[in-house]
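Protein chains in written order, with my numbering: chain V, 1 to 411; chain B, 1 to 123.
Bear in mind the hints are in silico, worked out from the structure with no lab data behind them.
Where hints are given, some of them may not hold.
[As the list claims (entries may be wrong)] Quick list of in silico lysine-lysine cross-link-like pairs, DSS-like style, CA-CA up to 27 Å:
1) B:K77 x V:K57
2) V:K38 x B:K91
3) B:K88 x V:K38
4) B:K39 x V:K364
5) V:K74 x B:K123
6) V:K38 x B:K93
7) B:K93 x V:K37
8) V:K37 x B:K123
9) V:K364 x V:K337
10) V:K364 x B:K37
11) B:K93 x V:K74
12) B:K105 x V:K57
13) V:K57 x B:K29
14) B:K91 x V:K37
15) B:K123 x V:K38
16) V:K364 x B:K29
17) V:K109 x V:K93
18) V:K364 x B:K3
19) B:K39 x V:K57
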Amino acid sequence: MIERDVVIIGAGPAGLACAVKLKEIGVSDVLLVEREKKLGGILNQCIHDGFGLHNFKESLTGPEYIERYVERLKKFNIDVLSDTMVVNLFQDKSMILSGPWGRERIRAKAIVLAMGCRERTAGAIGLAGSRPAGIYTAGVAQRLMNIDNYMVGNEVVILGSGDVGLIMARRLTLEGARVLMVLEKLPYSSGLPRNIVQCLEDYGIPLYLKTTVTKVYGKARVEGVEYVSLDDDGKPIPGSERFVKCDTLLLSVGLIPENELSREAGVEIHPITGGPIVNDTYQTNIDGVFAAGNVLHVHDLADWASMEGELVAEFAKRYLEGELSKAKRWIDVKAGKGIRYVLPHKISGERDVNFLFRVDSPYKNRYIIVRDKDRVIKKRRVINLHPAVMENINVKSEEMKGIESLEVMVE
Amino acid sequence: MTKEMICILCPNGCNLVVYFDEKNPDGFKVENALCPKGKEYAQSEILDPRRTIATSVRVEDGEIPLVSVKIDRPIPKNKIFDVMREIKKLKLKAPIRSGTILISKVAGTEANVIATKTVERVK
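Bound conformation, chain V alone:
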């Protein structure tokens, strides 16, 4: 069996950044595996700008952002297997690769999971009514329009206000379609505020909050949808049903980390994030198996996914060198009041940690508190907190000295 030091699964923003970083810090035996022919993952179809503001200090389109990493990948001569699928992943860190070149079982000393995420579908949200042509997830529509040259429809309703849906509202409008409305079941948008402005308000597209689609009409093709207002408990308000004629329904109703391989290998998955449970070295419950990017938790920005990939590269290197000593004990990090999830899930208390978290609903003028029972370790005032925006708070190892528990909360 072929043995490699590090195998990275997935060449999107996290995997690419991780591969480049590993070479930069002197790990020479790196293999990057990508199932598509082109490297870059989803960013190849994200032709709008706004990427790279943090990592390159300029606003790049998705393909340009990827190009920056691919250039460095080539410069460092990093081994890449594209058009290659990891079909099985095992607990002993071996895996079966399959591609047009054949099939091979290889084993890695360290694995970086960087498979990204995929979209929640009509089936997953229990959308009622028929299943005619014209129902797409926003990302599929994005691929069809930006890579394959298919226009998806003329009169469009978008269900869900995730960022991909908002970006597609603008994209469709620019291409001559009429985007009639964006419907969101929550009382606030799940997309970034800037996308509400530049993708909806700029083009006069209405966003209806606390509203959802209850039925799809049409046999061969979508002919319209029924939508309804929701009360404070998210239940349909009787009598509020309305009908809108349309030929296309886009769904932008959430992203799910893609962890089939992780599960097969026995990686423990967190019920809220849908990604692996990791400690403060981004290692899963399997020694030497790390996770970075959207496979771990869905990020707002590709930049953050790449940074996570780079961080994991550092830990993977130290793991290979045997320097990543096992913690004496792991402390579970608790997502307290107002927090939906917090990462990493377990800490040693011996390392500085940049906690990443999302709040469970919008808040104004609050404190973010990190505490060990009654002892406040860190407190920071925040003007605006929004579930669509990932937040972070840095805690130094000195500040965690002697802690018995750790909780992050909003107050």
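Based on the hints, put chain B in the right spot on chain V.
Chain B only, in chain V's frame:
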């Protein structure tokens, strides 16, 4: 006058509060901006709102049928659809190199249309 707006320059999406007097353009005051660009944005958004756009163009004989393009600087908001019309007229043949200027000074603006992806020739 007071106006609240969300800065769209980066994903921080700062909630700006802008105080201004239309007769005195120097009297701009902007609160809640995390960086100095917020003030510039607020001023431009009120006096001369601009946007960048990205779209794609048909490529013949390419490994994929479309090349992604962008404009290299913001254009007045009311020029967006004029620029789209001009871009739609383009007919390209692979190979296309990322960074190539495809139209300079598109639709009477200062902006150039630039390829943002390399599309190799397949035939």
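| Numbered hints the structure breaks, given as an ascending list | none
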